[in-house]
Each structure stands twice: as structure tokens, then as C-alpha cells.
Amino acid sequence: MSYCVNCGTKLQEGTTHCPLCRIDSINPLEQAATPTPLYPATPLGKSEKPKSRASLLCIISLFLGIPVLITTLSDLLSDGSWGWSRYVLASMALFYVIAVIPFFFPKNNPLFFLGIDVFATVLFLFVLNVIGGWSWFFPFGLVVALGVGLLIFVLALMLRSGKLSKTAKTAAFFLMLGLITVHVELSVFFCFDGLPLVGWSLYSILACLVFAIIAVIIDNSPALKEELKKRAFF
Amino acid sequence: MEHKNWLRLDNAAKIYPAAQRRSWSALFRLSVDLKEDIDPALLSEALKATLERYPSFRVSMKRGLFWFYLDRNDSMPPVQPDVCCPCPYLNMKRNSGFCLRVRYYQKRIAVEFFHVLTDGTGGLSFLKTLTAEYLRLKKEVTVSGECGILLCSEAPDESEMRDSFLDYAGDFSVSRSESDSFKIKGKIEKDNFVHLTCGVMNAAQVLQKAKEKQTTVTEYLTAVMIEALLNIQQREVKNKKRLRPVKICVPVNLRRFFPSKTVRNFASYVNPGVDPRMGEYTFDEILQAVRCQMGTEVTRQMLGAKFSANVRDEKNLLLRFVPLALKNMVMKTVFRLVGDRKTSTNISNLGILRLPPELEKEVTRADFILGPLSENPVACGVLTYGGKLRFNITRTICDPKTEREFFSLLVQKGIEVEIQSNLSSRSGE
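Here the protein sequences come in this chain order: A and B. All residue numbers in the first sequence are consecutive under the working numbering, ending with 567. All residue numbers in the second sequence are consecutive under the working numbering, ending with 529.
The shape of chain B in the complex, shown without the other chains (with noise of 0.2 Å):
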């Protein structure tokens, strides 16, 4: 079949470059770790296989008139080793003009996407495949297509490229406006350098948890953030009448509504939260809150209202005819009043990774780590294997009060967390 060799960005990425800084660039990253060393030649050979099969991801974002574009990129990302810390910003001429990265480090694969690209879903899709044919070269790993993996063998199918938003708009849209929320401060790193820490905790214990309250684990683990950010705000600010709402973002993966093969972008968001204006919460009030607000917006139908209103605005005639200068301060200017700002932090959960046997055996980890927001310093991944939730939290302040709070309140209802962390990794720490 033959394919284009551009393509349009999907409605979710034509955010992320009008929101783009010359500091901040929206990543989110994917690894996981084998049983032996990686051998960075043969991860080389298997990420041009894969981006064979991944087109949609071969890709540099480049300027048009009126909207930025992918334009198919022949040259190969450079497979790097890994620095002292997670999604740092991205130069993507610095990065032969690829959207992604590759990174390997001891007996760990790493990708950072830009989320031009593609979202958690087609992330994750993406590493299985470079994994499996990393192991294919280094082993003879025979992977069948199942689990979320494309054979490289097979030739690239246009589902997988499609902007599956403007296939399931419908003609009713619903308001996106929303209070402004709890901002965590705090004095920012230097040097750009961003903590990691990894809260390991046994999946079946935070399942059960989670049962026992008759919630998922989505819920119940935003709850408890819920609960450390109410705790924190309560301790900083004094003024009663200065409290914020408390909101978290949590994205959805919307092929779970819409049937789609698209390894683009294809996720709404949830921001469910409370309002400690109305008064002190306890944990069992945020939780119902939480389910109550999960439940309400997390249906096809609101789901899909969502995201007609943003389809809506990229088909209004006026907006697509502005040049793309223009465009782009608008949109800036947009994001900045509007994007982060209506929640404190975002809790993206991928869920349980599964892979196909001949795999599980050669891999012992996988971690899901969000890069830095634009106005939060925190941000959450959550990726369940072998038994394992790791709960990532990355932060560009210096203070680890997040974290602390809300690994404390964990370890206080029963759950056991065990700590890793990138601290040691910093030049004189």
C-alpha cells in the first residue's frame, strides 16, 4: 500500500507545538528493562525496522502556512545513552529532526516521545514492537502480532495513521470551561534537572485496596493524591478564602469507547477533584467524589461531546484560513490561560502491560514516566507489570513534598511502597 509521505497532525497534537517553549516541550517516556546489557548496534537495527513499520513516527514536524505538519524524516534517530534524568527538553535538530528519542542504559530500552506523535497507548504499542525485534535480533525472540505488537514483517496499515477524533465527532459539543485549581509551588531545580521517583507497590494489594472501597485503581490512587494535595494546601496557605479547588488530570483512552487501530493521539481527559471551599473532606468523600465525577464523564457520550467541541474549532473556516504565525500566539496565549492551569497535577495510568510469553520472559520491568508539564511542576505515570504498579512522579521543584505526602498516605492505608529514585544520579548529590 502505498502511503503519503506527510501527514497532517491529529486534533490532540496541534496543541502541543503552539504550547511548545524554548524550554518545555511535552514528553512522556516508556522503558523497560531486559535480563542482559543492551547492545546499542542491534538497538539501532531494530528501531529502523520498527520505524519501517511505525510511518506516523518516522516523521519531523515541520511549518506550513496555516498549520504544522509531519513531514517524513529518511535519516535515523540517534540511539543515545541515558542522562541523569528523565524527559529533558528536546532538540529536535539537535535530534536529526525526529519527534522521539531512544535512549539505553545497563539492561534498559527507554523511548521519549513528544506527544506530537502519539499519546500512551501508541507509545506503548510502539516499544513492545522495538523490543520484540530488538530480542529477535539478539536472540531470535519469535514474536506473533498479539498484545498491542505490529510485526515489522507486515507492511504498515492506514488505520493505524488515522486521526480517529475527526472520524467520531459528532455535532454536539459540550463547555470545556472550568475553575482554576491548586497550584503546587515551590523553587525551581537548576540546571533543568528533574527528579524521579519510582513508588513500587505490589498490584494486587493496591487492586484490593481499591475493591474494598468498590472503585478502580485509577480512582482510588487519585483520590489519595487528592487527599496529599489538600493536606499540602492546607499547611501553605493560611487564608481561607485563597484555598483552590484541587482537580487531577486523567487522561482516557478513548479507543476503549471508539473502536480505532490509530497509534496517534486518540485520548480525552478527566479532571475530577473537590472544592475544599465547601469544607473539610474526608478520604472516603474524595473517593466518592472521584467515582461519582469518573462515572459522569467517563461515558462515550460525554466523551465524545469533549472532543467535538476541539474537532469543531479546528473545521471553523475562520480559524483554519489564519496564517500559522498568528495562529500560534493565539493558541499560546490560549494554553497558557487555560491548559494546565485548571488542574494541579495529571495521573496518567496505562494500566496492566501485557505481553505475548516469549516476551514476559526476557522482560523483568517497564516503567511509564510523564516529562514535565508547562505550569505544574508534577506530573504522575503509572504502568502495572509483572505483578508490579509503579507509580512514577517526576518534579522540576525541589522540594519533595508531593511525593512524601502522597507515598505516606499510601503506606498509612496499608499499602506497602518501596522508594527508587534519580537523586544519586545528580552530579554532587
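Just chain A, same shape as in the assembly (with noise of 0.2 Å):
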């Protein structure tokens, strides 16, 4: 019998490494043997292992192309042209890009997803002005868009690390709100005239920084955490 000389542990017979620590401990003093294997050397059978996805969003896939079809048939079937079932396809296809694109990847990557989506997005945002013939993409959509799009990336990078606390993330979550309903309002009024600079998105970035500030006045209040706590858990 041998022992490893790092955790202590008494080794099977046979075995020339201990199987916790990875490092060799032969006792010379002992015979060479083969250890009895506990486990046979059998590899997992289609049984035991998970059942793939892969199928799973096939048939996914193949029924979200039922109501395109449906409606695409009825469009061309009705006057001839390729008319509204446009903007029905358009639609689905960015359901499809944000709902069902990310089970076919293995790991879950929020950031990368988000990209894909606001890119996504972009696209959805062009095609609809290209079927509509209106101009409002460049000066408008992008610009939301994109904003858009920054501000929740920022807003998931800061949701994702843990430096931050639950309340700051609460703070941080209320303020992107605020600067995503203003950067939306600003959008509109260097798209769109006539229309004034700050309006409806002043009533709501007030609120979220409301929110905000106490949810920073709690996070900085140990005693008004600890009273939320108990009051408030679910």
C-alpha cells in the first residue's frame, strides 16, 4: 500500500498516483499490480447522455416558418404583389434572431447575444424603411438603434460584475432607463421638426433618477438594508 505524500491519503493497491492530487507515489517496497479498476472503461451510451437541442429547434424553427408562409401565400394570393406579409417576415425573423438563435449555442454569452440582436435590429430597422420607401433610417433608426443598443450593453456589463452590489445594479438599471427615454426623445427632435427638445422623456428620467438616488441612499445605508431584508425577502 502507498500513501501520497501531499494529502495523506492511503492509495489503492496498484495505483502509482493518487487520483486527488495528481501526482505520482510508488512504494518501492511493493509489487507492481494492476489496480482493480472501480468503473469498467464503458463510454456513456446514447442513454446517458443529454438529448440534443439541435432537432429540438429544427422543428422550432420549421413552425415560426408556418405563419410567414401563411401570410406571405395570402399577400401574393390577394392582389399579386408582395405587399404586408413583408413586414410579417421581417418581424419574425428578428423574433427568430433574438428568441431562438441563442439555444443553438452551447454556452450562454449575454454580451455577444446582445450584439447579434442590436445588429439585428439594425437590419429589421433598415428593411422596414427600405418596404416603407421612407427616409427616416439614417438620421433616426440607426441613432436609436445603435444608442440604444450601447446604453443596455453598458448597462449588462454593469449588471454582469461583481464589484457592484444589488442595489448599486438597481441604481444603474433605473439610470440607463432614463438616459435610453432621453436619448430617445433627443433622436426625435434632430430627426423630426417641430417638435421640442425635451418633453415626455423629462417626466421619466426624473423618475428613474428618483429611483436611483434611493436606491444609492440604501446601498450606502447598511441599517435601511438589513430593515428592507427582512421586511421585504420573498
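Among the hints, erroneous ones may be present.
Pair ranges (Cβ atoms, derived) [stated by the list, open to error]: (1) N442(A) with R436(B): 17 to 27 Å; (2) L539(A) with R163(B): 42 to 52 Å; (3) P443(A) with A409(B): 30 to 40 Å.
In case anyone wonders, no lab produced these hints; they're calculated from the structure. This structure is a prediction, so every number in the text was calculated from the model and none was measured. Note that CB positions come from ideal geometry on N, CA and C, so glycine has one too.
Two chains, two frames, a set of hints: combine them into the complex.
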């Protein structure tokens, strides 16, 4: 019998290295022997591995294609031209990218998916602009989408940070929400004439600021935090 | 006696189908080693007779409108050769619909159970009966119905299939809220391989050490595990503000406090632990904390109040009439928020395996292994037989830091530990 020099545990007869410390432990007085394996070397079979998502996702994809197909056919058959169903197609494509595509990836990577979602949203707005024959995409749509995407990205980075407390993250959330509304209204002002610089977003930013300040106060007051935890746990 | 062809899930079992994921289900494994190699044909025959004796195990789990239920399954589960690791994912469709899996390897018979069927005590009763029946067929060993063995020649009794939680639930319940605990982190092993490390100790030596400290074996081992995890957390978490309590989930067999013959789930749990944010702990201080917490919580009254809360939720009219699909989503979310997050790992001790003398002559070894947990990568099962206490640790991460820390602490405390591992069974190792 050998003993591991690191953890001190006794090793199975014939074992030449410790399975816990991964270091060699050879007893020169012990005759060489093959240890009896605790389990066979048979690899896991199909019934012992988790089900693959790929086939399920393919079925979901096919199902989502059904409303697109029906609306497109209805549109084409009604007046011979491809009209309103293009909006349905664009919307379903956006929904598919946001809701289904992440499940094709084995690892959960929110920041990467956020990037894809922003790109898909920009593309969606561009398609809407082209279908409708409008010209708001570059001065308004692109600016709003990229601005909101950037603010959400920053918020996601802050929420994933291990350095901020829950209340600090709550404050950051409300602050970003307020900034998003201001950004949208500013974009509207610069793109469309006749609208005030600051209107409805003033109310939302003020409300968000109040919530953010409350969260910051709670974050800096351990006694208040504890009292809230006691009264509001679920 | 006529039996219904279907059963409701017992109170504890209701969470498992909801908590189940594409890649995880709550499994545990019990095994015995005999003196000769296993004959699979005889084992299959023994299994058939044992399943007749345990109708609550001869079932498939099916979806109802409001709840899952267990439906009688007249086919036979396949008796399969063992694989490289314990408790891999259970695909019930490929297992003839059964919620248990019977395996053999050289001289070993193993049964892996999905927790909807039973707990450790019920599973042990099933394995003992299966082993007795197998030996009766192979060597004409006659066994009396003692030590928890249910004779296959007798008809099943309805008391063995009762949901005892409903029998003993009272009107008063206690809050189940707790703080989150320290999580063992690490890189998840690829190919769904589950590492098993078995620490074999002299049971008398462990008992002696526990008695010196005036504790039980479970309390002693729990305290050592807490000390191990505190050491790991101290090394890994530098910022003291980010330290978390270290708590261990210790299942408690309710049959000790509430008489019941049921072979279904009838266990509760206690989560003893310490909070390192309050300061450093010596081993004796940890032991005292565990002893006090177990002493306060492992009483008839506290355990009854705890499961009464679950039974009250089950009987809630609003909850009962919610469609299963919606109920599942909510229970899954609650489980993710509450389930394994409150503890760092589990230590489930089934105590001493007692067998009739005729079986004791044939059985050389017994093991109890917990399958991987939902959120925690390490789980521990303990069973004592033949003077040997076997502490089985399963792990889904690459680094064996928990086992290394735990077993070296035991060695430092004067307990000799022999290590066995399934690392050599991994292809390429």
C-alpha cells in the first residue's frame, strides 16, 4: 500500500499516482500490480447523454415558418404583389434572431447575443424603411438603435460586474432606463422638425433619477438595507 | 389486495420533474458487491420478481393536466452492464419508460433511482430485496423478511406506497427562507463524465473520533466538510465582503420520528453551517455549531413543521388548479432561485447497512452514491457496511479540490482513509 505524500491518504493497491493530487506515489517495497478498476472503461451510451437540442430547434424553426408562409401566400394570392407580408417576414426574422438563435449555442454569452440582437434590430429597421419607402433610417432609426444598444450593453456590463452590490445595480438600471428615454427623444428632436427638445422624457428621467437616488441611499445605509431585507424577502 | 394502476407523486417528489432539465435529473445510486460475478439473466429474473413486490417502482412518469403521475409499466427495465461513471443522465424513453436503472459490473449489482420514486431508505430496501431474490435464484439462499427486506413471496401492502407527508402534516409550518451559500466553482468536465472518489475508512475509528467530540458520525463528517469548504473559500475569495456562509444539506430520514412503512420519499433536510463573515472558526467551533443546529432542527416538531409548509403549498386550491405547463415553469424558476443555492453541497448518510446473516455471508461491499446536483458540482453519499464507512463523493468539475481538502483533513485528524477513484475508467486516462 502506498500513501500520497501530499494529502496523506492511502492509495489502492497497484495505484502509482494519487487521483486527488495527481502526483506520483510509488512504494518501492510494493510489487507492481494492476489496480482493480472501480468502474469499467465503457463510455456513456446515447441513453446516458443529454438530448441534443438541434432537432428540437429545427422543429421550432419550421413551426415559426408556418405563419410566414401563410401570410406571404395570402398576400401574393390577394393582389399578386408582395406587400404587407414583408412586415410579417421581417418581424418573424427579428423574433427568431432574438428568441431562438441563442439556443443553438451551447454556452450562454449574453453580451455576444446582445450584439447580435442590436445588429438584427438595425437590419429590421432598415428593411422597414426600405419597404415603406421612407427616409428616417439613417437620421433616426440607426441612431436610436445604436444608442439604445450601447446603453443596454453598458448596463449589461454593470449588471454582470461582481463588484457592484444589488442596490447599486438597481440604481444603474434606473439610470440607464432614464438615459434611454432621453436619447430616444433627443433623436426624435434632431430628426423631425416641430417637436420640442425635451418633453415626455423629462418626466421619465426624473422618475428614474428618483429611483436611482433611493437605491444609492439604500446601498450606502447598511441598517436600511437590512431592514428592507427583513421586511421584503420572498 | 387490489392496487391502483397509478399513483400520485408524493409531496417531496413533486419538485423533481419540474426541476429536471435537458441535461440533469435527480438520481442516486445504491450498489452491493457479492462474492461471485453477476449472472445478468438471473439478475433480470430477480428484478422481475422484485418489481412485482414493489409496485410503486414498476412505473413510468407521465404528464397529467395538473400534476405528473406514476403509471404502471408492464414492460421490464433492461439490466445493463455498468459504464465508466455513476448516475449519468437517465433517458426514460430509452429505459423502457422506467425511472430506475439496474446495472452490473463483475461482482457488483447497482440500482440507480430517479428521486420521484423513492429516497435512500426506500431504495436500500429495494436493493436488499433484489439481492436476496438474486441469491435465492443463484444459490437457493433463503432469507426471512428482516432488516428492511420485503419478501417477494408476499403481496405488496398499501402502507408501503403511502405518501406519509400527507399523513403527518400539521397546521403549523415554519419559514423556509435562508441565505445563499458559498458555491464550489470550477471548469465543468467535458463529455458529461462524473468523477467518483470513494474514501474508505474504518467505521469504528470514525465513530471513536466522533464520540471523543460528543457528536454523531454525521455531525462529525459534516463539520469536517464545512472546514474543508471554508479553507477552499478562504483561498479563492480574497475580498472578505464577498465571503458567503458555508452550509451543508443533510437529509434526515423522517421514519425515525414518524412511524411509516412507506418505501416512497419520506425525508426532510437540515442545513447546518457557519458564516465566515462573522470571523474565523476553529474545528471545535464548527462542530459545536453543527451539533447545536442539528440538535435544534432534528426534532419531531421542527421537521414536522418544515414539511407541513410543503404540504400546505401542495393543497393550496389556487396552485392545484393551475395547468401543469404553467406550474412547471413556476416551480422550475423557484427551484433555480431557491433549490441548491442555499447549500454548498449535500452529505447524505444512510447509516449502517444491516443484512440478515444469510446475506451478510455473500455481500462484501455496499456503496451509496448521490448523482450530480442541479447547481452544485459536488455531492456526497455515505454508507457503512462490514466495519467500513464508505464516503463517496461525486464531482462534475475537473479539479478534485473538495475531495483533496476533505480527505486530507480527515487524515490530519487521525483517520486513515483509502482512496478509490473511477479516474482510470475515463477513456484516454
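Any hints this thing doesn't respect? Which numbers, in order? When the structure is compared with the hints, none of them turns out to be violated.
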